[in-house]
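Protein chains: 2
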Amino acid sequence: MLSDRSKILTESIKRLLRRNALSHLRKIVNKTHAADLSAVFPSLSFSNQYKLFGMIEDIDQKGVLFSELDEDTLLNFIERTEIDETVEIIENMAADDVADLIGKLPEEKANAILEKMEKGSEEVEGLLHYGDDTAGGIMVPDFIALKENTTAREAIESLQKEYADVEMPFYLYVVDKYGKLTGVCSLRQLVVIPPATPLKSFMSTDVFSVQTDMDQEEVAKLVARYDILAVPVVNPMNELVGIVTVDDVIDIFRKEATEDFLKMAGAGQEFVETKSILKSMRIRLPWLFASCLGGIFAFFVIGQFEEGLKKFAYLAAFIPVIMGMGGNIGTQSSTIVVRGLATGLLNIRDIWSVVIKEFAIGFSLGIFYGTLIALVAQVQYNTIQLGLSVGLAVVCSMSVAALVGSLVPMIFARINIDPAVATGPFVTTSIDIISVFFYFKIATFLLKI
Amino acid sequence: MLSDRSKILTESIKRLLRRNALSHLRKIVNKTHAADLSAVFPSLSFSNQYKLFGMIEDIDQKGVLFSELDEDTLLNFIERTEIDETVEIIENMAADDVADLIGKLPEEKANAILEKMEKGSEEVEGLLHYGDDTAGGIMVPDFIALKENTTAREAIESLQKEYADVEMPFYLYVVDKYGKLTGVCSLRQLVVIPPATPLKSFMSTDVFSVQTDMDQEEVAKLVARYDILAVPVVNPMNELVGIVTVDDVIDIFRKEATEDFLKMAGAGQEFVETKSILKSMRIRLPWLFASCLGGIFAFFVIGQFEEGLKKFAYLAAFIPVIMGMGGNIGTQSSTIVVRGLATGLLNIRDIWSVVIKEFAIGFSLGIFYGTLIALVAQVQYNTIQLGLSVGLAVVCSMSVAALVGSLVPMIFARINIDPAVATGPFVTTSIDIISVFFYFKIATFLLKI
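The listed protein sequences correspond, in order, to chains H and F.
Yeah, the first sequence ends on 450 if you go by the numbering used here, and it's all consecutive.
Yeah, the second sequence ends on 450 if you go by the numbering used here, and it's all consecutive.
Derived from the structure by calculation, the hints contain no laboratory data.
We put the CB at the ideal spot given by N, CA and C, even for glycine.
Check the hints yourself; a few may be wrong.
Capping the alpha-carbon separation at 20 Å, the derived lysine to any residue pairs in SDA-like fashion look like this [unchecked claim]: (1) F/LYS8 to H/ALA35; (2) F/LYS8 to H/ARG415; (3) F/LYS358 to H/ILE284.
To give an idea of the interface, some chain H residues facing chain F are shown, with a C-beta separation under 7 Å as derived from the structure [as the list claims (entries may be wrong)]: (4) VAL192; (5) PRO195; (6) ALA197; (7) PHE254; (8) GLY269; (9) PRO321; (10) ASN348; (11) ILE362; (12) VAL377; (13) PRO426.
Label-pair distances were calculated between CB atoms; the ranges are [as the list claims (entries may be wrong)]: (14) F/PRO43 to H/MET238: 32 to 42 Å; (15) H/ASP134 to F/SER13: 45 to 55 Å; (16) F/LYS15 to H/ILE357: 15 to 25 Å; (17) F/ASP85 to H/PHE203: 54 to 64 Å; (18) H/ASP71 to F/ALA197: 21 to 31 Å; (19) F/LEU10 to H/ARG415: 12 to 22 Å; (20) F/ASP177 to H/TYR51: 40 to 50 Å.
Construct all of the structure, not just a fragment, from the sequences and the given hints.
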């Protein structure tokens with residue numbers, strides 16, 4: 002497995018460092034892909050990181066390492082390295098990765114680096130103007146744009162000359178004399194067509210493009226839906242300004258899924274397990290506050306029924322099952338809605354049909370489990386009013402939970418707030434309070450407390 | 002947004018169907034990408050689906066539509082369509098998509114189709130032998146494999162002739178005379194190198210490959226880590242048998258993330274909101290059973306303390322907050338572990354360091370929230386033993402929850418059971434029972450019930 006490989010690599014590098022086996026280390030470092038090295042770095046001291054880094058012979062690999070390192074390790078490394086060395090590496094990185102990196106640095110450092118850069122700094126500054134999570138923020142300005150009357154032969158020649166640096170030249174974009182995008186052809190078409198054919202006569206004019214301000218998730222969905230390798234990004238004048246490539250799309254999907262997982266669990270939005278205990282605590286503490294407040298609220302709700310509880314102490318024994326059933330079906334509903342919206346399987350316009358369906362499911366499953374749990378109560382205490390109270394409470398709790406669990410994320414999505422944050426602690430906590438309240442209200446009424 | 006576009010398309014197609022505006026429909030159907038049409042189909046009746054389908058002029062687009070339709074719609078469509086028509090479309094689809102499709106059909110139908118196929122059926126049957134979720138099961142057998150002494154010119158010629166059908170020819174694989182994979186070169190290298198150069202002299206020999214039985218998630222991680230567009234699949238003899246392309250990798254990541262979301266919420270593993278209420282209920286009902294059993298168990302635990310509850314009825318009021326705090330931190334821990342393992346940020350070998358760290362976080366946050374909640378109890382009831390019981394119960398509940406929440410998925414991963422199923426209902430329910438038990442044990446002791 003990939004993670005096993007990282008572990009083994011880390012262990013052998015650490016062993017070689019301890020033995021100071023420099024020539025052996027140099028060999029390993031230079032035959033290992035920088036993406037693999039980036040997984041080793043976080044567990045090394047700065048001086049060892051620096052030692053390994055100095056051994057990398059290919060400056061492009063240094064750039065790949067920079068763009069793959071996790072944020073904490075990278076910032077620490079740059080902070081402690083000479084600025085000239087950093088600039089040299091950055092100049093050999095893709096502009097979008099540099100813009101990402103610069104965006105993470107303290108302002109002072111970022112400006113110092115941009116000033117020192119001899120090439121590419123305008124490109125990077127251009128990218129920095131776009132929102133982080135937009136097509137503009139993730140695009141690369143390395144693309145191939147050719148005029149309509151360029152021939153296939155000329156296009157191939159340009160691949161050898163002015164476009165020799167373009168990283169992934171699978172599509173050649175065709176623009177008119179104003180630089181506006183008019184078509185696209187593939188590298189494959191180029192090699193199989195007679196060399197004198199102008200691009201115009203075989204390019205596909207049916208070319209998807211996205212605006213610079215489109216949200217990165219939407220861009221990613223587009224690339225996934227149409228199975229393309231890159232999508233061109235245009236400004237409001239339809240001028241080609243960059244492309245978003247499929248490798249970035251994969252990163253977007255993985256990052257967004259991780260964020261949604263963590264948000265739904267109320268554990269921040271960035272993966273924290275690799276951070277220190279204190280940092281983890283700081284991120285997780287505030288989300289638990291919602292649950293704590295909700296619990297205290299539930300305490301006051303139950304406090305109101307203290308007299309009833311003194312008479313019928315066994316009422317307390319059903320609190321967990323009623324809260325649990327509501328909580329679990331609520332989590333099912335909100336997970337389905339949040340993930341459905343994220344993948345496009347659900348549409349925010351369908352809010353009512355989804356919520357009504359969830360309510361129907363919650364109600365039906367509530368009848369099923371309510372009956373079951375009421376029977377247990379009946380067998381145990383042989384009080385028909387108690388069985389009835391518990392059963393009805395389960396029905397209410399599960400129906401309301403499915404309703405709240407689906408409605409809340411839908412509403413949040415509708416008003417453009419990330420539905421994932423609305424879920425987890427908030428929905429669960431409000432369902433807890435509602436469940437307990439219904440339960441005691443029903444019991445008070447039926448048991449005539 | 003993409004989902005808005007589907008909605009608008011669906012509405013206009015439905016309107017045109019009602020008005021029976023056939024020529025207008027035909028125009029729309031043929032200028033719409035099949036991936037977009039596939040989003041429209043589920044909301045149409047079979048006869049309308051069939052009408053639209055018949056309008057598609059390009060048989061390849063019919064194939065794309067088949068591979069993009071959701072399972073229910075597709076099965077229903079094939080069931081009601083003449084087999085000859087189905088076979089004709091299938092013969093024009095990529096072999097991996099056909100294998101997927103055939104795998105979903107009832108055996109009888111599948112065999113009938115395979116028998117009728119005039120071309121490609123052996124390829125498909127070959128793919129059907131591999132596990133669904135392995136490299137073999139998702140690879141396409143369309144790839145370019147050339148001998149080492151082929152020249153760049155000959156390679157380009159082969160793109161025009163025998164490999165004219167290969168869908169995504171970004172990499173040309175080089176094999177020795179036994180068909181064993183020895184190198185790779187890119188289409189781009191091919192066009193910029195002098196035409197008489199043999200592949201052997203400029204190919205990269207540093208080529209990643211995967212075995213046919215490698216799990217699809219591992220394959221996807223590899224493609225993502227090294228930012229490649231396709232990875233070659235080899236059999237145990239190192240003979241090239243297929244490639245996995247980046248578009249399939251995107252689908253794998255999205256599908257696996259959705260599965261993990263649903264499993265963690267105990268809502269099955271396939272997205273159900275688009276299914277009928279009854280089908281949804283059937284999938285969600287069993288998972289709630291864990292929660293129901295747990296709740297009934299908690300009821301018996303509390304029942305043991307009925308005498309204590311009669312004397313100190315207010316003890317019941319703290320059940321929700323203690324359960325809630327435990328449940329929420331447990332969800333945080335297990336989400337971090339499950340997602341960390343899925344993304345490779347955590348390693349199953351680190352089981353003890355992760356679990357100890359989670360326990361430490363649970364304990365520390367437990368002290369914080371325990372103190373807070375104990376103070377509320379103290380202010381409200383002015384009984385030092387009650388405050389102390391509640392506070393200690395919160396500490397216990399949160400520490401144990403973080404421990405269980407991280408340990409259980411880690412152990413499951415270690416014994417090769419999907420950690421996502423271990424979470425959700427099971428972990429939450431066991432934490433509920435443990436929390437309640439500790440609470441009443443501590444209270445019984447301190448309040449001398």
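Each hint tested on the structure:
1. F/LYS8 to H/ALA35: Not OK: F/LYS8 and H/ALA35 at ~44 Å, beyond 20 Å, violated.
2. F/LYS8 to H/ARG415: holds (15 Å)
3. F/LYS358 to H/ILE284: Status holds; Cα separation ~15 Å.
4. VAL192: It holds, given that the least Cβ distance between H/VAL192 and chain F is near 5 Å, below 7 Å.
5. PRO195: violated (11 Å)
6. ALA197: violated (16 Å)
7. PHE254: The hint holds - H/PHE254 has a Cβ within 7 Å of chain F, the shortest such distance being about 5 Å.
8. GLY269: Violated. Min distance 9 Å.
9. PRO321: Check passed: Cβ of H/PRO321 comes within 4 Å of chain F, closer than 7 Å.
10. ASN348: Cβ of H/ASN348 sits 5 Å from chain F, so the hint holds.
11. ILE362: holds (6 Å)
12. VAL377: holds (6 Å)
13. PRO426: Status holds, d = 6 Å.
14. F/PRO43 to H/MET238: 32 to 42 Å: holds (38 Å)
15. H/ASP134 to F/SER13: 45 to 55 Å: violated (31 Å)
16. F/LYS15 to H/ILE357: 15 to 25 Å: This hint holds: roughly 21 Å between Cβ atoms.
17. F/ASP85 to H/PHE203: 54 to 64 Å: violated (35 Å)
18. H/ASP71 to F/ALA197: 21 to 31 Å: violated (47 Å)
19. F/LEU10 to H/ARG415: 12 to 22 Å: The hint (12 to 22 Å, Cβ to Cβ) holds, given that F/LEU10 and H/ARG415 are roughly 21 Å apart.
20. F/ASP177 to H/TYR51: 40 to 50 Å: About 42 Å separates the Cβ atoms of F/ASP177 and H/TYR51, which means 40 to 50 Å holds.
Of the numbered hints stated above, those contradicted by the structure are hints 1, 5, 6, 8, 15, 17 and 18, listed in ascending order.
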